[in-house]
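**Q** Given chain A's structure and the hints, the job is docking chain B onto it.
2 protein chains.
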Amino acid sequence: MFQSAYLPQKISKKEYHDRLPDLREKLLKVQHLLQTDKSFATIILLAGLDGAGKGSAIARLYEWMDSRYLACNAYQEPPTEEERLRPEMWRYWRDLPARGETAIVFGSWYQPALRASVMGKLSDDGLEHKLASINRFEEMLAHENVLLLKFWFTLPLEKQQVRLTQLKENKRNERHYLQEWSSLKNHRKAEIAGEKAALHTSTGYAPWFVIPSHNSNYRDLALAETIAESMSRKLDQKSARPVAAPAIIANLGSVNAVEAIDLSPVKPKEEYKVELADWQDKLANLIDSKAFKKRSLLCVFQGNDAAGKGGSIRRLTAPLDPRFYKVHPISAPTEEEKLHPYLWRFWRRIPKRGHTTIFDRSYYERVLVERVEGFCSEADWMRAYNEINSFERELADSGIIICKFWLAISEGEQLKRFKEREEVAYKNYKITEEDWRNRLRWADYAIAAGDMVDRTSTRYAPWTLVSSEDKRHARIEVLKATCIALENAMSNVDGLE
Amino acid sequence: MFQSAYLPQKISKKEYHDRLPDLREKLLKVQHLLQTDKSFATIILLAGLDGAGKGSAIARLYEWMDSRYLACNAYQEPPTEEERLRPEMWRYWRDLPARGETAIVFGSWYQPALRASVMGKLSDDGLEHKLASINRFEEMLAHENVLLLKFWFTLPLEKQQVRLTQLKENKRNERHYLQEWSSLKNHRKAEIAGEKAALHTSTGYAPWFVIPSHNSNYRDLALAETIAESMSRKLDQKSARPVAAPAIIANLGSVNAVEAIDLSPVKPKEEYKVELADWQDKLANLIDSKAFKKRSLLCVFQGNDAAGKGGSIRRLTAPLDPRFYKVHPISAPTEEEKLHPYLWRFWRRIPKRGHTTIFDRSYYERVLVERVEGFCSEADWMRAYNEINSFERELADSGIIICKFWLAISEGEQLKRFKEREEVAYKNYKITEEDWRNRLRWADYAIAAGDMVDRTSTRYAPWTLVSSEDKRHARIEVLKATCIALENAMSNVDGLE
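Taken in sequence, the protein lines are chains A and B. One point on numbering: in this note's numbering, the residue at position 201 of the first sequence is 201, and numbering is uninterrupted. One point on numbering: in this note's numbering, the residue at position 106 of the second sequence is 106, and numbering is uninterrupted.
Just chain A, same shape as in the assembly:
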């Protein structure tokens, strides 16, 4: 999840200094307004990887906000003597800010659970149980007029490595408090625990925001702007509450994971022929294997119009036995389907054991075309991310292997293909007025696709982003990713769960 947060997001010095004055003014203004009308309390909760710069970000907040009305509460593991004499949540309750006040929480009620989970001292069920009770606590806070903003600081492994080395060498950073559970050697585990928290505790009343922490200016600006924006929204329309959705990446308008796909790879024709045959053989063997009799495969294809979904699907199904697979092209729902929950028609088509189902377009249209064209309300497509994650989780838990492909092409390449479709008679049926209309909203679709990938790329159902600028490259990538997913799943190579 949150692929876009791992991109080397940064901001130029100039832009940083241009944005700062407005931001500081806004921060002080909302703080002052809150201080006066006392309509709610604010909690700024910081969590995430060790070395991502939570401490430095707080220092900046203190610089930018009125520090007289800003309390910072840090909690350590293990708890103090006094704390251990009382229930776990007591220390957090004791320090809850009064309405009108703002508190920063460092080492929050997530810490003991995440830490125990990473350290292998809490089962998966145990963690989910904890997270469910955290949800109840946070729902109560929301009802009791506490605005809770939760931030997850993240950065890629290599970058974390560099940061921690710098910190070690830099004596001025003696105050840096190392959290073992989210340090280097637990990088991946901590990310997974964070992903779980984001999946199950990013609610309408207490959303998570992911802070890309590559670049410190970017990080601090993203944090402070999210705070200012959220507080000001709450001050304006005091009761507005969006629906639950996975964490939102606090990005400053930079490119997302889908926009960042490298479209340059090309597969020469001769190589293609050989590799195609190899991968198709491999796929046939995997699907014919004894192990697959107990599993099933679901492939989902989405992508830009004319990206070549159909062609890739045909190369994928070529080596398969037609009795055991089915391709479902998804268009508008029927009247009967409209009378049921939108996932109903997909549940009816999931593969049974030993079978393969391929969706050419899918339930993801909910967060793509339906979002962009306004066919459903914001609340409806926002909740769809969690609903889809739950749906795929159930499929995965029952043994279905899920491969999701986003096939990407450039705007120019699309234009070329559209024209070709218009000109070549037998390709004519493939192009409609609607395709041209969608093309006008290229940027909106790119944002929607990026959000989709960030919010629904889970360990049990990851997205594979494929450049389809060269169709042969795309076809090989799809076959390869499918084979690898099958292989890993059937030999349980994942290694983490």
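Fair warning: there could be bad hints in the mix.
20 Å max Cα-Cα, derived DMTMM-like pairs, lysine to aspartate or glutamate [claimed, not checked]:
id, chain 1, residue 1, chain 2, residue 2
1, B, Lys352, A, Glu169
2, A, Lys471, A, Glu270
3, A, Lys267, A, Glu413
4, B, Lys294, A, Glu83
5, B, Lys338, B, Glu378
6, B, Lys293, A, Glu82
7, B, Lys338, A, Glu101
8, B, Lys326, A, Glu82
9, B, Lys121, B, Glu88
10, B, Lys338, A, Glu139
11, B, Lys294, A, Glu88
12, A, Lys294, B, Glu83
Simulated restraints, written as ranges between beta carbons of each label pair [unchecked claim]:
id, chain 1, residue 1, chain 2, residue 2, range
13, B, Gly310, A, Lys38, 31 to 37 Å
14, B, Ala379, A, Pro265, 52 to 58 Å
15, A, Glu275, B, Arg84, 36 to 42 Å
16, B, His328, A, Glu25, 42 to 48 Å
Cβ-to-Cβ under 7 Å is the rule here; a few derived chain B residues that face chain A [unchecked claim]:
id, residue
17, Leu85
18, Leu96
19, Ala98
20, Glu128
21, Ala132
22, Ile134
23, Glu144
24, Ser289
25, Ala291
26, Arg345
27, Lys352
28, Glu387
29, Leu395
30, Ser398
Just so you know, the hints here were simulated from the structure itself, not pulled from any lab data. Beta carbons: idealized from backbone N, C-alpha and C, even for Gly.
**A** Frame of chain A; chain B shown alone:
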């Protein structure tokens, strides 16, 4: 929980026949309206103890409603061959009713989890994890215009015994399908699992209703009236959604557990003196014991005005060391307390290890005086049940032993005591205008107290209902219950967890 549902609730033949025509008309009317406007689908989910009469209740529904538009979907454990080839939830998705339709679900998505939990095949954490994912599923249904009504059929052990014997002997009931997990020998475990479901899955969008199944006419009427009422409300104000609260007992206006307290017991003075000394000694020993150093005690006193809370508390604290206990009389919150969540002032006062805290009135005022006098909105006091249950759960999990007492007197006895307070000079401070005002709303307070006991009497923090018509009786009962709770907790006699 749901004490009131265990009372021998019944309805006279005459009342039954008087109410039936209107009920049937209403049922047909809502069904027809729904059929026409197709604004939502209805699912009637039946669960509960074996032998409580779910099958017979369905037969009645079929008689009373238009059976052409009523589907009945029963699911068995273990699932069929076809079902086992797909994810667990597939069979339920397949049968989801379309908007406009009504489906009865028998052996629902709760069954596998509850069954596994009762049979010891699912840990506590595992059950809560399952329930959390059920919540996500049901929230999605609500968003997708499915009205989900969940009914838990319950009856006391003795009654279940009689019913099952009758069923065995009665050859006409051959179709009766025995669910082993909720049969006689698992009575208590099934009730506990049901209680957990009610605590964590009775949400604003999909509430549980408890059906007292002592008497079949009462049972069927309570079921059908709840259905008619819920469907008609949904037809009227299509989006209204109350907050989450523990299951609601579908009672037909009969007395609740608090109103049913037997006020006759009297403790003669001589016996009282002996027993008081004995129990106080016992209490002192328990509190002085080594085991208590690792625990703590929280006692909560609520009751009718003038029921004698103060007197009982003094008898309880008499044998205790003042350095280790504290009595907190609870009145209106201070200005500072008002700026925090309402539970904040109680969290601050919970006992630390080895200590005792006594609340003379408590956070329960939220669902008593604040509810009855309208000091907070219905949504606020409705969510308080769950919030209080979560709060007490956290205390209990950390080792705090919780005893809650409801001290009851009759209206007549209260009048006598009020007058005495007015007449006797040194008792004068105890009576105010407010007491007289509250007395006028006796019936409202009784309903509020009954709901409170039904919804917050958990295994980890049970209510003890005490008649205080005779003060000596009450004092002994309070001491006795406290000693027994301490003893059980410290020797882990509970036996069930």
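**Q** State for each hint whether it applies.
**A** Against the structure, the hints come out as follows:
1. Lys352/B <-> Glu169/A: This hinted pair is violated, its Cα atoms lying about 43 Å apart.
2. Lys471/A <-> Glu270/A: Distance ~14 Å between Lys471/A and Glu270/A Cα, so the pair holds.
3. Lys267/A <-> Glu413/A: holds (16 Å)
4. Lys294/B <-> Glu83/A: Measuring from Cα to Cα gives roughly 14 Å; hence the hint holds.
5. Lys338/B <-> Glu378/B: The given pair, whose Cα atoms are some 19 Å apart, holds under the 20 Å limit.
6. Lys293/B <-> Glu82/A: Distance ~15 Å between Lys293/B and Glu82/A Cα, so the pair holds.
7. Lys338/B <-> Glu101/A: holds (14 Å)
8. Lys326/B <-> Glu82/A: holds (18 Å)
9. Lys121/B <-> Glu88/B: holds (17 Å)
10. Lys338/B <-> Glu139/A: Roughly 18 Å between the alpha carbons, so the hint for Lys338/B and Glu139/A holds.
11. Lys294/B <-> Glu88/A: holds (15 Å)
12. Lys294/A <-> Glu83/B: The hint holds at about 14 Å.
13. Gly310/B <-> Lys38/A: 31 to 37 Å: Given range 31 to 37 Å: holds, Cβ gap about 36 Å.
14. Ala379/B <-> Pro265/A: 52 to 58 Å: holds (56 Å)
15. Glu275/A <-> Arg84/B: 36 to 42 Å: Distance hint for Glu275/A, Arg84/B holds at roughly 38 Å.
16. His328/B <-> Glu25/A: 42 to 48 Å: holds (46 Å)
17. Leu85: holds (4 Å)
18. Leu96: OK, holds: Leu96/B within 7 Å of chain A, min 6 Å.
19. Ala98: holds (4 Å)
20. Glu128: holds (4 Å)
21. Ala132: Status holds, d = 4 Å.
22. Ile134: violated (10 Å)
23. Glu144: Glu144/B check passes; min Cβ-Cβ to chain A is 4 Å, inside 7 Å.
24. Ser289: violated (18 Å)
25. Ala291: Ala291/B check fails; min Cβ-Cβ to chain A is 16 Å, beyond 7 Å.
26. Arg345: Violated - the Cβ of Arg345/B stays beyond 7 Å from chain A, reaching only about 10 Å at its closest.
27. Lys352: At 4 Å from the nearest chain A Cβ, Lys352/B passes the 7 Å test, so the hint holds.
28. Glu387: Constraint on Glu387/B satisfied, holds at 5 Å.
29. Leu395: holds (6 Å)
30. Ser398: With a minimum Cβ separation of about 4 Å from chain A (threshold 7 Å), the hint on Ser398/B holds.
Figure legend: structure checked against the earlier numbered hints; hints not met, in rising order: 1, 22, 24, 25 and 26.
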